[in-house]
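Using the sequences plus the hints, can you model the full thing?
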Amino acid sequence: WREVVGNPWPMFGFLARVQKGVTRHGYKLDFTASELQGQLPASLRERPLVGVGAASAIAAAGAARDEVSESYADVVDTVLSGLPKAYLAAALSGAPEVRHLLYITMVFGPRYVPYIPRFVARAEAVGIPNLALFCLDAAALEACASLPGGLASGRCIRGTPSILNKFTLPLAFLHLGVDVFWLDFDVFILRDPTQMVLDMAQRRQVDLLVSGSFADDCICSGLVFFRATKVVSDWLLALLSWMYEHVYTHDQQAFSAFLAGRLDEDNATTPERISAQKHFRLYLKPEVPRWALLDPVVEFPSARVLNTTGWTGNLEDMYIFHFLHGDSEVNRAHSAYGWNAASGYSGGAVG
723 WREVVGNPWP MFGFLARVQK GVTRHGYKLD FTASELQGQL PASLRERPLV GVGAASAIAA
783 AGAARDEVSE SYADVVDTVL SGLPKAYLAA ALSGAPEVRH LLYITMVFGP RYVPYIPRFV
843 ARAEAVGIPN LALFCLDAAA LEACASLPGG LASGRCIRGT PSILNKFTLP LAFLHLGVDV
903 FWLDFDVFIL RDPTQMVLDM AQRRQVDLLV SGSFADDCIC SGLVFFRATK VVSDWLLALL
963 SWMYEHVYTH DQQAFSAFLA GRLDEDNATT PERISAQKHF RLYLKPEVPR WALLDPVVEF
1023 PSARVLNTTG WTGNLEDMYI FHFLHGDSEV NRAHSAYGWN AASGYSGGAV G
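Just so we're aligned, residue 723 is where the sequence shown starts under our numbering, counting upward by one.
Accuracy of the hints is not assured; some may be wrong.
What the hints assert, rightly or not - No farther apart than 20 Å at their CA atoms in a straight line, the calculated lysine to aspartate or glutamate pairs in the EDC-like style are these:
1) Lys-952 <-> Glu-994
2) Lys-750 <-> Glu-789
3) Lys-1007 <-> Glu-967
4) Lys-807 <-> Asp-859
Stated by the list, open to error - Simulated DEER-style distance windows between Cβ atoms:
5) Asn-1029 <-> Ala-843: 28 to 36 Å
6) Ala-874 <-> Glu-967: 35 to 43 Å
7) Ala-867 <-> Gly-816: 42 to 50 Å
8) Gly-983 <-> Ala-755: 37 to 45 Å
9) Ala-843 <-> Tyr-809: 17 to 25 Å
10) Arg-925 <-> Lys-952: 17 to 25 Å
11) Tyr-970 <-> Asn-1029: 37 to 45 Å
12) Leu-762 <-> Asn-1029: 42 to 50 Å
In case anyone wonders, no lab produced these hints; they're calculated from the structure. It should be emphasised that the depicted structure is a prediction, and the values quoted were computed from it without experimental measurement. Every residue, glycine too, gets a C-beta built ideally from N, C-alpha and C.
As structure tokens, then:
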């Protein structure tokens, strides 16, 4: 260390600049640790909550004690509003069980906020009224609140920009027993995939369905169905915890690496590697849920913006098209910030 400190080359200044250029998120979450661990905050244990707004009212009273976050209060209100759609499925025992499904996405920034009304209208037009939006800035919340039903609809959830929201929001709903279909905002919904996805999950006995890539063996975390089971929530919490501590890791790489403990049902993908440390392999081994790929060729394809993406087949067989136009980097110093503009994308309809 004396050699490093005594060296005239500005090592520490260089490292500081490198740090700014590789950081993908900060150490900030919109939910408390207890909420993400599935523990009901003390302020919400006193009595059963009934009616939309109940959670928000208690959250406001307990905010000074940092017991309940605004985001969690909105999540609870979404559930209490009845926005998740009920469906009948068969439990592992064969007995019938009523479950609930919610589509969720996140949106912020002047490039995407103007499309909120059309995105929601399109979802409803194809039969998906059970859609909630994680509104990550004031403009997004205002646009969402201006839709029919307003804040009382349970559709609008308050938050702040972070790529970690792709994990925190699904996890919050999973702990409340709600199955979740995550949608990146840069998609176009051609038709309702609900029946097809639920049939596939039950037929193949999987708790996780993930979109893939057209011409390689990678996953794509832009479309993910999470079944509300303990295995799924424990796995997602482990992934989120690792991502939180490692601010330089890409969310999709981490998602893939944490699936390495169990191959997909078709053995069609190869997991990413995000750490060479033996402690990662020895100790950070959560049980991986049974999972399978959503068809990336025809039914859930992506635009050909990379040499491994694209699609083929009949348009009438497609459910959701992923434009791959989403800028997930909020760090302006990161090399991937502004990837859209650097790749020639200058605007256009995304939803």
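Ascending list of hint numbers which this structure does not respect: Result: hints 1, 4, 8 and 11 break, sorted rising.
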